[in-house]
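**Student:** First to last, the sequence lines map onto chains A and W.
This note's numbering applies: residue 1 is where the first sequence begins, and numbers increase by one.
This note's numbering applies: residue 1 is where the second sequence begins, and numbers increase by one.
No lab work stands behind these hints, which were simulated from the structure alone.
Be careful, since some hints might not be right.
[Claimed, not checked] A short, non-exhaustive set of chain W residues, derived as facing chain A with CB atoms under 7 Å:
(1) 78
(2) 132
(3) 143
(4) 363
(5) 437
(6) 439
(7) 446
(8) 449
(9) 458
(10) 460
(11) 487
(12) 488
(13) 490
(14) 514
(15) 517
(16) 520
Quick caveat, the model's predicted, so the values are computed rather than measured.
Don't be surprised by glycine CBs; every beta carbon is placed ideally from N, CA and C.
Number of protein chains: 2
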Amino acid sequence: MVLTGNQLIGFAESCEGERTLRAYAPAQGVDVEPSFALSVTSEIERAMTLADRAFDTFGSTSQTTRAALLDRIADNIEALGDALVERACLESALPAGRITGERGRTTAQLRMFAGLLRDGTWRDATIDLPQPDRQPAPKPDLRRILVPLGPVVVFGASNFPLAFSVAGGDTASALAAGCPVVFKAHPAHPGTSEMVGRAIVDACQAEGMPDGTFSLLHADPQHAQMLVEHPLTQAVAFTGSQAVGKTLVRLAAERDTPIPVYAEMGSVNPVFLVPGFGSRLPAVAHGYATSLTLGVGQFCTNPGVVVGVVSEELEQFVVETTEALAKVAAAAMLTPGILAAYQSGSHRLAEHPDVKTVFTGIQSDGQATPSLFTTRAETFLSDHTLGEEVFGPAGLVVVCDNFEQMKRVARNLEGQLTVTLQTSGEVTDEERELLPLAVRKAGRIVRNSFPTGVEVCPAMQHGGPYPSSSNARTTSVGTAAILRFVRPVCYQDLPADLLPEELQDKNPLHIWRKIDGRLTHDPVRSPGVHGT
Amino acid sequence: MVLTGNQLIGFAESCEGERTLRAYAPAQGVDVEPSFALSVTSEIERAMTLADRAFDTFGSTSQTTRAALLDRIADNIEALGDALVERACLESALPAGRITGERGRTTAQLRMFAGLLRDGTWRDATIDLPQPDRQPAPKPDLRRILVPLGPVVVFGASNFPLAFSVAGGDTASALAAGCPVVFKAHPAHPGTSEMVGRAIVDACQAEGMPDGTFSLLHADPQHAQMLVEHPLTQAVAFTGSQAVGKTLVRLAAERDTPIPVYAEMGSVNPVFLVPGFGSRLPAVAHGYATSLTLGVGQFCTNPGVVVGVVSEELEQFVVETTEALAKVAAAAMLTPGILAAYQSGSHRLAEHPDVKTVFTGIQSDGQATPSLFTTRAETFLSDHTLGEEVFGPAGLVVVCDNFEQMKRVARNLEGQLTVTLQTSGEVTDEERELLPLAVRKAGRIVRNSFPTGVEVCPAMQHGGPYPSSSNARTTSVGTAAILRFVRPVCYQDLPADLLPEELQDKNPLHIWRKIDGRLTHDPVRSPGVHGT
Numbered sequence: 001m002v003l004t005g006n007q008l009i010g011f012a013e014s015c016e017g018e019r020t021l022r023a024y025a026p027a028q029g030v031d032v033e034p035s036f037a038l039s040v041t042s043e044i045e046r047a048m049t050l051a052d053r054a055f056d057t058f059g060s061t062s063q064t065t066r067a068a069l070l071d072r073i074a075d076n077i078e079a080l081g082d083a084l085v086e087r088a089c090l091e092s093a094l095p096a097g098r099i100t101g102e103r104g105r106t107t108a109q110l111r112m113f114a115g116l117l118r119d120g121t122w123r124d125a126t127i128d129l130p131q132p133d134r135q136p137a138p139k140p141d142l143r144r145i146l147v148p149l150g151p152v153v154v155f156g157a158s159n160f161p162l163a164f165s166v167a168g169g170d171t172a173s174a175l176a177a178g179c180p181v182v183f184k185a186h187p188a189h190p191g192t193s194e195m196v197g198r199a200i201v202d203a204c205q206a207e208g209m210p211d212g213t214f215s216l217l218h219a220d221p222q223h224a225q226m227l228v229e230h231p232l233t234q235a236v237a238f239t240g241s242q243a244v245g246k247t248l249v250r251l252a253a254e255r256d257t258p259i260p261v262y263a264e265m266g267s268v269n270p271v272f273l274v275p276g277f278g279s280r281l282p283a284v285a286h287g288y289a290t291s292l293t294l295g296v297g298q299f300c301t302n303p304g305v306v307v308g309v310v311s312e313e314l315e316q317f318v319v320e321t322t323e324a325l326a327k328v329a330a331a332a333m334l335t336p337g338i339l340a341a342y343q344s345g346s347h348r349l350a351e352h353p354d355v356k357t358v359f360t361g362i363q364s365d366g367q368a369t370p371s372l373f374t375t376r377a378e379t380f381l382s383d384h385t386l387g388e389e390v391f392g393p394a395g396l397v398v399v400c401d402n403f404e405q406m407k408r409v410a411r412n413l414e415g416q417l418t419v420t421l422q423t424s425g426e427v428t429d430e431e432r433e434l435l436p437l438a439v440r441k442a443g444r445i446v447r448n449s450f451p452t453g454v455e456v457c458p459a460m461q462h463g464g465p466y467p468s469s470s471n472a473r474t475t476s477v478g479t480a481a482i483l484r485f486v487r488p489v490c491y492q493d494l495p496a497d498l499l500p501e502e503l504q505d506k507n508p509l510h511i512w513r514k515i516d517g518r519l520t521h522d523p524v525r526s527p528g529v530h531g532t
Numbered sequence: 001m002v003l004t005g006n007q008l009i010g011f012a013e014s015c016e017g018e019r020t021l022r023a024y025a026p027a028q029g030v031d032v033e034p035s036f037a038l039s040v041t042s043e044i045e046r047a048m049t050l051a052d053r054a055f056d057t058f059g060s061t062s063q064t065t066r067a068a069l070l071d072r073i074a075d076n077i078e079a080l081g082d083a084l085v086e087r088a089c090l091e092s093a094l095p096a097g098r099i100t101g102e103r104g105r106t107t108a109q110l111r112m113f114a115g116l117l118r119d120g121t122w123r124d125a126t127i128d129l130p131q132p133d134r135q136p137a138p139k140p141d142l143r144r145i146l147v148p149l150g151p152v153v154v155f156g157a158s159n160f161p162l163a164f165s166v167a168g169g170d171t172a173s174a175l176a177a178g179c180p181v182v183f184k185a186h187p188a189h190p191g192t193s194e195m196v197g198r199a200i201v202d203a204c205q206a207e208g209m210p211d212g213t214f215s216l217l218h219a220d221p222q223h224a225q226m227l228v229e230h231p232l233t234q235a236v237a238f239t240g241s242q243a244v245g246k247t248l249v250r251l252a253a254e255r256d257t258p259i260p261v262y263a264e265m266g267s268v269n270p271v272f273l274v275p276g277f278g279s280r281l282p283a284v285a286h287g288y289a290t291s292l293t294l295g296v297g298q299f300c301t302n303p304g305v306v307v308g309v310v311s312e313e314l315e316q317f318v319v320e321t322t323e324a325l326a327k328v329a330a331a332a333m334l335t336p337g338i339l340a341a342y343q344s345g346s347h348r349l350a351e352h353p354d355v356k357t358v359f360t361g362i363q364s365d366g367q368a369t370p371s372l373f374t375t376r377a378e379t380f381l382s383d384h385t386l387g388e389e390v391f392g393p394a395g396l397v398v399v400c401d402n403f404e405q406m407k408r409v410a411r412n413l414e415g416q417l418t419v420t421l422q423t424s425g426e427v428t429d430e431e432r433e434l435l436p437l438a439v440r441k442a443g444r445i446v447r448n449s450f451p452t453g454v455e456v457c458p459a460m461q462h463g464g465p466y467p468s469s470s471n472a473r474t475t476s477v478g479t480a481a482i483l484r485f486v487r488p489v490c491y492q493d494l495p496a497d498l499l500p501e502e503l504q505d506k507n508p509l510h511i512w513r514k515i516d517g518r519l520t521h522d523p524v525r526s527p528g529v530h531g532t
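Let the sequences and hints guide you as you build the complete structure.
**Tutor:** Shown next as structure tokens:
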């Protein structure tokens with residue numbers, strides 16, 4: 001595939017802006033061809049108008065039609081073969097094994113949503129049958145189902161150039177819901193973005209989707225803001241930093257018609273070493289070092305903070321973690337900006353008067369090495385900045401005087417994507433006390449394992465209390481991610497042929513439905529108002 | 001029951017503020033005893049702190065425990081007998097028949113949520129079984145369930161002194177979810193509020209709930225704002241005007257930790273007269289006049305706008321509606337403020353140069369009579385204020401030149417709670433064209449009936465696109481209202497005795513669950529990671 005560096009606006013290409021964006025290869029330290037055009041206002045306008053028009057038909061396509069689209073996108077991505085892997089590695093400095101795995105995750109995710117659509121039950125079809133003879137007034141026929149919101153703007157993340165980017169979970173779930181997507185590519189991997197964007201556009205054309213179902217834009221921050229503020233935009237999905245996420249949330253709230261922003265903004269994902277955990281050393285220390293340094297620590301679920309009670313087992317944990325970290329090689333980070341932020345975050349910790357540096361590797365030029373710090377819980381509780389994420393392989397061990405203080409640390413946490421409990425294996429009173437505190441603060445509770453490695457499945461919850469996410473009631477990973485892009489509509493006394501198939505008496509799609517409050521996949525037995 | 005005029009803060013009474021609030025009897029035009037104290041800052045603080053503490057235990061009570069609480073509240077409300085009906089009639093000027101019906105709706109709603117809790121399926125228990133031998137990495141055991149958010153602040157509405165007030169749908173669904181409630185009473189019915197508040201407090205005590213599970217405050221706007229801004233508040237529910245609703249949404253968005261505000265802010269609920277509807281005259285006209293004037297037009301779902309195509313059938317509709325409106329007696333409105341707003345809204349229409357007054361009854365002193373206006377679609381499309389709600393029995397008929405213009409009116413609507421289609425009964429092409437436009441704009445589509453009278457059941461959707469609601473993805477009526485106050489949590493690799501019963505292998509509560517993506521109420525068959 002030849003990269004053109006153009007915007008993909010519906011089925012057309014466009015290049016009205018200047019070609020000022022160049023991809024950068026962080027491992028090699030060089031710019032890469034070609035140059036990409038940045039979008040201009042008229043292109044933003046065209047993408048949004050097309051998306052809105054596409055919604056008129058795309059929003060009411062059948063579930064099986066959209067399932068075929070998602071499958072086709074997955075096939076097209078696989079058909080890109082090694083070229084995609086090579087370009088993604090070049091632009092991210094991530095190893096080929098990781099990118100190949102991520103590609104598998106991306107295509108599996110698309111196919112998971114296709115399966116969800118074919119099953120059909122996700123639309124929460126709910127039927128309350130009429131009671132024409134009820135006193136004092138008859139009860140009408142009421143049927144409720146989830147319908148898509150409309151055009152969705154999705155922002156690509158830097159750290160997953162495939163699985164949280166152009167054809168990642170946000171795009172897959174929005175398209176699955178029936179929402180056209182206008183995608184804002186991450187400038188760290190414009191070439192990868194164009195390749196995947198073409199795979200989606202080709203799939204839309206092959207499957208007969210309307211023009212504007214998908215667009216890919218390379219936008220600077222000012223034009224990205226226009227996308228969020230555009231009156232036709234109905235929702236925004238974002239994975240990235242708290243600074244940018246909070247800005248998007250604010251912009252969306254200040255619109256004349258506010259819209260939801262689903263921002264997944266990362267967190268420090270605390271690991272609590274429950275007293276007695278030492279019986280599982282050295283596994284806990286090795287597991288921690290592995291999780292902390294996986295992908296050069298560039299994960300939203302990276303466990304940046306460890307909380308333990310002062311003890312021999314805690315000292316041993318620090319020693320063994322340090323040994324493990326010492327074996328980790330220096331590696332390039334995703335972008336020069338991320339590397340600089342990691343270095344300044346590490347320096348901030350190192351220079352903090354009440355933080356002790358346990359380990360820093362050799363700071364190779366242009367590469368990152370892991371670091372480990374310790375501080376007392378008292379310091380951690382009084383200095384809010386110590387609880388802020390340092391994106392990269394930096395760990396801070398918070399040493400509590402006793403278990404009561406550990407609970408105080410738990411109670412004072414900000415919202416987190418995950419909280420991990422490391423225990424002896426046996427359930428203790430301490431664990432029973434910590435668990436409800438962890439539940440109040442996090443979207444996922446991990447026990448005797450580590451938070452990196454987010455499964456894509458129905459039971460996953462990737463999203464926790466603010467500020468780890470802007471909306472803790474939703475997830476950006478797993479089948480439930482589709483629920484971000486729909487709203488319920490109730491039909492009162494509509495005849496069968498005006499109802500979506502999911503709500504018709506005969507249940508032609510054989511889905512699970514709630515009828516008068518009971519789950520069933522039977523058809524409606526007693527004839528409804530309309531005898532259908 | 002003797003009314004004290006005190007705040008009810010958990011199980012205690014408090015009166016630190018001045019007794020400056022007096023109930024007003026709109027039908028009689030007089031103040032009513034006793035006087036009520038307005039809350040002060042320390043009382044706000046105490047109610048929120050108690051609610052947060054109560055959450056530690058209330059949030060993890062069993063479903064059956066909370067079901068018993070809701071049933072007990074319903075019993076206690078019924079036990080108030082005629083005294084409650086009399087006081088509510090006095091404070092609202094609504095007739096006894098309406099208040100008695102509303103009481104039945106309120107207690108039925110509480111018992112509906114009790115039933116939902118006993119059924120248990122609503123918590124969306126989702127289990128993905130582990131695959132320890134999976135390559136390249138084992139799949140962990142993942143189990144997801146909905147958990148309560150924490151303390152919720154609920155604002156009472158003026159127009160339903162029982163069903164959308166102290167023990168109304170918001171309180172019932174928040175308590176059902178496991179969230180303590182701090183209730184801000186509506187100043188239009190402080191006595192009714194205290195009576196129902198005591199019924200809830202008594203039920204909390206009788207059922208052994210923690211102190212602070214429920215508090216009732218009489219707060220001025222400044223203290224109401226403090227409740228929304230309080231760091232312990234996790235969500236807000238509100239039914240009322242767009243002006244107040246939008247203010248609450250803004251306050252919540254500007255917090256350090258933004259929280260969701262579920263504001264149901266009303267709308268004009270357009271009725272589209274689909275060409276051919278005339279075969280159902282005079283039923284359409286009589287039905288419309290009845291719906292428009294029900295409860296003196298003081299409903300969120302009041303159909304304030306009618307859209308028709310210029311024709312003989314439309315003229316006939318206006319004639320017959322006018323005849324029906326002429327028979328409606330003048331009646332007192334809920335408050336002097338609401339009456340004044342209705343009168344100024346009607347005057348605004350009457351004095352609009354391009355609006356024709358078809359009918360106004362005699363404007364009796366202190367009472368409201370219905371009014372009907374017409375205007376051309378061109379005027380309606382160009383003057384945004386004509387689409388704003390006039391709370392009360394005022395109808396505006398928008399006359400379109402042709403069906404194309406009718407569709408343009410539909411496309412240009414703001415978000416609505418409901419859109420109604422009046423048809424001949426037969427499905428026509430015009431109806432097929434209008435329906436998807438209506439779905440884009442509303443939460444509920446009503447056919448050949450009228451939008452007033454909101455059923456309380458699983459299929460109800462009461463909440464539409466902004467600004468009819470702040471969050472179109474939720475409903476404030478029906479079982480799904482509980483979903484506003486919960487978020488999902490995923491447990492990874494937890495042993496059975498640390499899991500909620502709903503997620504344990506054996507399925508001790510016999511609820512429906514999703515296991516590996518399939519709905520079932522069977523126990524987990526293959527032993528999980530932990531062999532439970």
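**Student:** Which hint numbers does the structure go against, in order from smallest to largest?
**Tutor:** When the structure is compared with the hints, numbers 1, 2, 4, 5, 16 turn out to be violated.
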